[in-house]
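Trainee: Sequence:
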Amino acid sequence: MGMIKQAVKFGIVGGGNTLLSLAVIWFMTKKLGGTEAFSNFVGYLIGLINSFFLNRMWTFESKHNLFGSAVKFFMVFAVCYLLQLSVLLLLNHHCPYNPPLYSLFEPVVRILKIDALFYIQIISMITYTVVNFLVNKYYTFKK
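Quick note on our numbering: the sequence shown kicks off at -3 and runs consecutively.
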């Protein structure tokens, strides 16, 4: 299967997982008063379980051993999650009110009433998604 087709499928799965993760993160931080780091972890964990099964069966159509694939998938997640969290915390610390490219999206962000800190969450999620796809394609579910 071609990379474009897999990337589209990965994007569909990831889009659903991103919405799920964002909803959990938002609910935990805004409604339950959870810390950003803990809420972020829980949001990703919920999306992770869904992501493994959908990507294994649909995106990459893997026939590899379930246990071996799961171990690799969770290791890749851990590395990508730490990368995502590092980007999130770094941007929160160094540019909480003017994150990268914020001025380009500021009109939309203002209309949607998204604060800069939540915008930074989205930037860190994009970083996670790109790295996660490439590593899973060429390592976890490599044919």
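Each hint should be verified, as a subset may be incorrect.
To be verified - With a straight-line Cα cutoff of 30 Å, these simulated DSS-like cross-link-like pairs (lysine-lysine) come out:
1. K27 / K68
2. K1 / K109
3. K59 / K109
4. K68 / K5
5. K27 / K133
6. K1 / K133
As the list claims (entries may be wrong) - Using C-beta positions, here's what the derived DEER-type ranges look like:
7. A19 / M53: 20 to 26 Å
8. W54 / A74: 32 to 38 Å
9. K59 / M(-1): 28 to 34 Å
10. L28 / G64: 17 to 23 Å
Hint data in this document are derived by calculation from the structure and do not stem from the laboratory.
In this text, a Cβ means the ideal position worked out from N, Cα and C, and glycines have one as well.
Trainee: Against this structure, judge whether each hint is valid.
Mentor: Hint-by-hint comparison with the structure:
1. For a cut-off of 30 Å, the pair hint linking K27 to K68 is broken: about 34 Å separates their Cα positions.
2. With a C-alpha separation of about 34 Å, the suggested pair K1 and K109 falls outside the 30 Å cut-off, and the hint is violated.
3. Straight-line distance between C-alpha atoms of K59 and K109 comes to about 44 Å, which puts the hinted pair past the 30 Å bound.
4. About 20 Å separates the Cα atoms of K68 and K5, which keeps this hinted pair within 30 Å; it holds.
5. The hinted pair formed by K27 and K133 fails the criterion: a straight-line CA distance of about 36 Å is larger than 30 Å.
6. Distance check on the hinted pair: K1 and K133 sit about 12 Å apart at the alpha-carbon level, within 30 Å; holds.
7. The hinted range of 20 to 26 Å is satisfied by A19 and M53, whose Cβ atoms lie roughly 23 Å apart.
8. At roughly 23 Å, the beta carbons of W54 and A74 sit outside the given window of 32 to 38 Å.
9. At roughly 19 Å, the beta carbons of K59 and M(-1) sit outside the given window of 28 to 34 Å.
10. As the Cβ distance of L28 to G64 is approximately 36 Å, the hint placing it in 17 to 23 Å is violated.
In terms of the numbered hints stated before, the structure departs from hints 1, 2, 3, 5, 8, 9 and 10, listed from lowest to highest.
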